[in-house]
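Q: Work the whole structure out from these sequences, hints included.
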Amino acid sequence: MISRRRLAVAAALSTALLAASACSGGGDDKGGEAASTELTVMAPLFGTAPDPSGELQQAVEKLIGKKLQITWVPNAEYGDKSNVTLASDKIPDVMVANEKSPSFVKAAEAGAFWDLTGKLDKYQNLKPANEQTAKNTQTNGKTYGIYRVRPLLRSGVVIRKDWLAKLGLKEPQSVEDLYTIAKAFADKDPDGNGKKDTYGLIIPKWPGNYASASPYDVIETWFGAPNGWGERDGKLVPGFDTPEFLAANQWLHKWVSEGLVNPDFATLDSANWNDPFVQGKGGMIIDVNVRATQLLDLFKEKNPKDFDKVTLVGNLLGPDGEKHSYPFTGYNMVIAISKQHVRTEEQLDQVLQTLDKLESKEGSILLTNGIEGRNFKADGKYAVPINQDDAKVKAIQNDVDKAFIQLGTRASVGLGAYALRPNDEASRTMREKFDVLMNEDLKTAVFNPALGIIAPTSVAKGQTLDTIIPDARIKYLSGAITEDQLKAQIKRWYDSGGTDIAKEVNDLAAKAGG
Amino acid sequence: MATDLVPEVVQPAADSPRPASAPRRRRSTKTLGRDLWRYRWLYLLLLPGLLYFLLFKYLPMYGLTIAFKDYVPFLGYSGSEWVGLKHFQELFTGPDFGRLMFNTLLLAVLTVVFVFPAPIVVALLLNELRINVLKRSVQSLVYIPHFLSWTIVASLTYLLFSVDFGVIANWIHGLVGGQKTDYVAQADWFRPLIVLQLLWKQTGWGTIIYLAALAGVDSQLYEAARVDGAGRWRQFWHITLPAIRPTIVVMAILMSGNLLDSGFEQIWLMTTSLNRDVADVFDTFVYYIGITQGSFSYATAVGLFKGVIGVVLIFGSNFLAKRMGQRGLF
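Line by line, the protein sequences give chains A and B.
Last residue of the first sequence: 514 (our numbering), numbering continuous.
Last residue of the second sequence: 1330 (our numbering), numbering continuous.
Hints are supplied without guarantee of correctness; some may be wrong.
[To be verified] So the derived label-pair ranges between C-beta atoms look like this:
id, chain 1, residue 1, chain 2, residue 2, range
1, B, Asn1258, A, Glu346, 52 to 60 Å
2, B, Thr1065, A, Ala49, 33 to 41 Å
3, A, Pro74, B, Leu1059, 29 to 37 Å
4, A, Gly234, B, Leu1059, 56 to 64 Å
5, A, Lys511, B, Tyr1077, 28 to 36 Å
[Claimed, not checked] DMTMM-like, lysine to aspartate or glutamate: derived pairs with alpha carbons at most 20 Å apart:
id, chain 1, residue 1, chain 2, residue 2
6, A, Lys357, A, Glu372
7, A, Lys205, B, Asp1164
8, A, Lys361, A, Asp115
9, A, Lys183, B, Asp1164
10, A, Lys402, A, Asp51
11, A, Lys205, B, Asp1096
12, A, Lys281, A, Glu322
13, A, Lys491, B, Asp1277
14, A, Lys195, A, Glu231
15, A, Lys66, A, Glu345
16, A, Lys281, B, Asp1277
17, A, Lys205, B, Asp1188
18, A, Lys381, A, Asp435
19, A, Lys487, B, Asp1277
20, B, Lys1180, A, Glu258
21, A, Lys196, B, Asp1164
22, A, Lys361, A, Asp51
23, A, Lys195, B, Asp1164
24, A, Lys135, A, Asp115
25, A, Lys491, B, Asp1096
26, B, Lys1180, A, Asp197
27, A, Lys161, A, Glu372
Think of the hints as simulated: they come from the structure by calculation, not from any bench.
These numbers come from a predicted model, not from an experiment.
Backbone N, C-alpha and C fix where the C-beta goes; we use that ideal spot for every residue, glycine too.
A: This is how it looks when you write it as structure tokens:
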């Protein structure tokens, strides 16, 4: 099955060609006047686009005292659309951007975006709340945007609770336990239909590259491999060039050959990841913790009376008996400010003040919860939805959940806004578990020391290089190539530019650290 | 020949007597202004068309200059630096070129061998059907796949051939036995699937032009042949086939220009981690490099290279067709 994203990308491609031929680049005469009363914005969207004259947008505009012109772009095609936008001469004043993507780095280094290094501290609501995250968002020592915070550690294993109970198994502590469970799920008929038609683990074809929080990356980290880049003998090496990486994949290879993994793992679209789990084909998913609540909701949809079928465990002990937890970057894209209209330091200050207002407590509540008394009421630390039968109120709720929440930089972890109260006991317990597991696993988190570093070679030819390792990994796991061929692919990475990247990463890290 | 699709009248110049041309040219320069004035309304009518081509077809070609620059959008066309043939050099000496060329050409060869003749065969078979109602309905039915988008075709392929729930995959497994084959993931099956998809989707549509050509065949020719004692096969060989030969040649020339177009959508939708080595073609490469990576100059250079090859192939095959005594495109 193909997600609609692919079609959208094809459409974006033709738009891109148009844009590339139509744009003239360079001068724009509108200047700063427009920027002072109006703010143009580009942000991802997860549903239908809000009405610009809707209640919520009005409320937000009133708060910041400026008109908003927002281009909402469906999340699935956000990367492509951003690249196309960067190639045009219509870069919005404020843009949610992946500050590590080659096209952004190129544009920023050519001067298309403001370097905000050291400029954010005087804005109460924009200054970084977490130093590690702030460092992660940097591009070779420069800060090009205000990060949108996400929980720093949310990796875990979602498991069918009722299957565990049926087979008399305990929640796993280590990777060996995980294997035992997977084996039992595949062989011992956990759904009790008398047929051998289940498997242990469900993994999808991952859309991202190496070190992009895929289940493979998480497992490799459990085995002691670096998260992305790691120090070996005083030098930074890519995680896939370590014995631990190989060990983890040998282990997974065994899973695949023993039928413990969904047979279509090389082609299963991550958009359909939940399906085999809810259909009772597979019993485990390694991913972000919120997938546990998602699956709970799906089971509830199927059977409102009997849905408490999911449990969540955190990171596992590796074969060495130690725990290495997989952390996330702590943020998801940044809000960057373009230099196209925002020309002077003075104008920049204005825009930052506006953003500061937007991210204040009041603003965060608008962006993440909505209008108090209209679509929700506050109950302690929770926001409880109200009046949801009213179509107008429903529209506000939709605008918040599917769109405006994307403009918030701090709210998703509850800073300055209310958390949404889960509406059943099982989800509430699960939610509460998130924090416990996170704090526990943060102690053993393996951070990527090279996150803030962008090697020039990877900007120049990263795209063809980036696919080498994840492709080889999937091929090895599915048995299309041998371990020696996997090693040969790692060598190919080095030969086709990886050697330069490794050298640049080490040099830049030395500069940043020294 | 009466069966010829291209009207005779369009090509008088080649055989016309030489002496006539010289004075005609002199006269035309003298009276150019007067002619322009005389046919002013016709020229006025021509103007919108000319403007259209200038504005939408030729002006955008200015953008091709970024193939010779290190284009940074923020700096614009004029601000970006000229780098000469750097990007072409990078392409031709880069590690991907050989693989891209091989994949693209192999797909082109497969298309020529399997996909190109398919509509001809189907059209000829349909032509032999003597029951008109049946002929018409079959004809309409085989058009239908053409109207489905590649996204749907690819989704169908995944549904039918995937290892976990694919109907056809399971059916073949039932027939052949042994290990289950993951058709959509395996590199070996990539090209056969692409060809199958093309055949399924485009064959019916392609028959239209050949059927049109066949409809133009004078039925008296068949009657005469029958009188002379020619059977079905002889009629086919000496009347039907020669009748559509010019059409086949024209279609072949047209196709040669698109030989390096593998069809971005189809290939891209069918690409997975496991078959990327055989799936990468110029079209998808331009996308990865240009859109995902943001290397607009490099991507443009690749696209330009493809375009130049296309033009060369069109002129080349047109020349060849004429050499072999066929009537070319121009």
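Q: Against each hint, give a clear statement of whether it holds in the structure.
A: Hint-by-hint comparison with the structure:
1. Checked against the hint of 52 to 60 Å, the C-beta distance between Asn1258(B) and Glu346(A) comes to roughly 54 Å, which is consistent with it.
2. Between Thr1065(B) and Ala49(A) the beta carbons are some 36 Å apart, a value that agrees with the proposed interval 33 to 41 Å.
3. Pro74(A) and Leu1059(B) have their C-beta atoms about 31 Å apart, which keeps the hinted 29 to 37 Å range intact.
4. Between Gly234(A) and Leu1059(B) the beta carbons are some 57 Å apart, a value that agrees with the proposed interval 56 to 64 Å.
5. For Lys511(A) and Tyr1077(B), the Cβ-Cβ distance of about 34 Å falls inside the hinted range of 28 to 36 Å, so the restraint holds.
6. For the suggested pair Lys357(A) and Glu372(A), the alpha carbons sit about 18 Å apart, so the restraint of at most 20 Å is met.
7. For the hint pairing Lys205(A) with Asp1164(B), the CA-to-CA distance comes to about 14 Å; that is within 20 Å, so the pair holds.
8. With a C-alpha separation of about 26 Å, the suggested pair Lys361(A) and Asp115(A) falls outside the 20 Å cut-off, and the hint is violated.
9. Distance hint between Lys183(A) and Asp1164(B) is fulfilled; the C-alpha atoms sit about 19 Å from each other, no more than 20 Å.
10. Using a Cα cut-off of 20 Å, the hinted pair Lys402(A) and Asp51(A) holds, with the two alpha carbons roughly 12 Å apart.
11. Of the supplied pair hints, the one linking Lys205(A) and Asp1096(B) is violated, its CA atoms being roughly 24 Å apart against a limit of 20 Å.
12. Annotation: proposed proximity of Lys281(A) to Glu322(A) is violated, straight-line Cα distance about 31 Å (limit 20 Å).
13. Of the pairs offered as hints, the one joining Lys491(A) and Asp1277(B) holds, with about 16 Å between alpha carbons and a cut-off of 20 Å not exceeded.
14. At most 20 Å may separate the alpha-carbon atoms for a hinted pair to count; Lys195(A) and Glu231(A) exceed this at roughly 48 Å.
15. Between Lys66(A) and Glu345(A) the CA atoms are separated by roughly 19 Å; this keeps the pair inside 20 Å, and the hint holds.
16. Between the alpha carbons of Lys281(A) and Asp1277(B) the distance comes to roughly 31 Å, so the proposed pair goes past 20 Å and is violated.
17. Between Lys205(A) and Asp1188(B) the alpha-carbon distance is near 19 Å, which keeps this suggested pair within the 20 Å criterion.
18. Between Lys381(A) and Asp435(A), the direct Cα distance comes to roughly 15 Å. Compliance with the 20 Å bound is thereby established for this hinted pair.
19. Only pairs whose Cα atoms come within 20 Å are accepted, and Lys487(A) paired with Asp1277(B) is accepted, the gap being roughly 17 Å.
20. Between Lys1180(B) and Glu258(A) the alpha-carbon distance is near 14 Å, which keeps this suggested pair within the 20 Å criterion.
21. Distance check on the hinted pair: Lys196(A) and Asp1164(B) sit about 14 Å apart at the alpha-carbon level, within 20 Å; holds.
22. Among the hinted pairs, Lys361(A) with Asp51(A) is inconsistent with the structure: their alpha-carbon atoms are about 24 Å apart, more than 20 Å.
23. Annotation: proposed proximity of Lys195(A) to Asp1164(B) holds, straight-line Cα distance about 16 Å (limit 20 Å).
24. Straight-line distance between C-alpha atoms of Lys135(A) and Asp115(A) comes to about 14 Å, which keeps the hinted pair within the 20 Å bound.
25. At most 20 Å may separate the alpha-carbon atoms for a hinted pair to count; Lys491(A) and Asp1096(B) meet this at roughly 16 Å.
26. About 15 Å separates the Cα atoms of Lys1180(B) and Asp197(A), which keeps this hinted pair within 20 Å; it holds.
27. Restraint check for Lys161(A) and Glu372(A): the C-alpha separation of about 37 Å exceeds 20 Å, so the hint is violated.
The structure is inconsistent with the numbered hints 8, 11, 12, 14, 16, 22, 27, although it conforms to all the rest.
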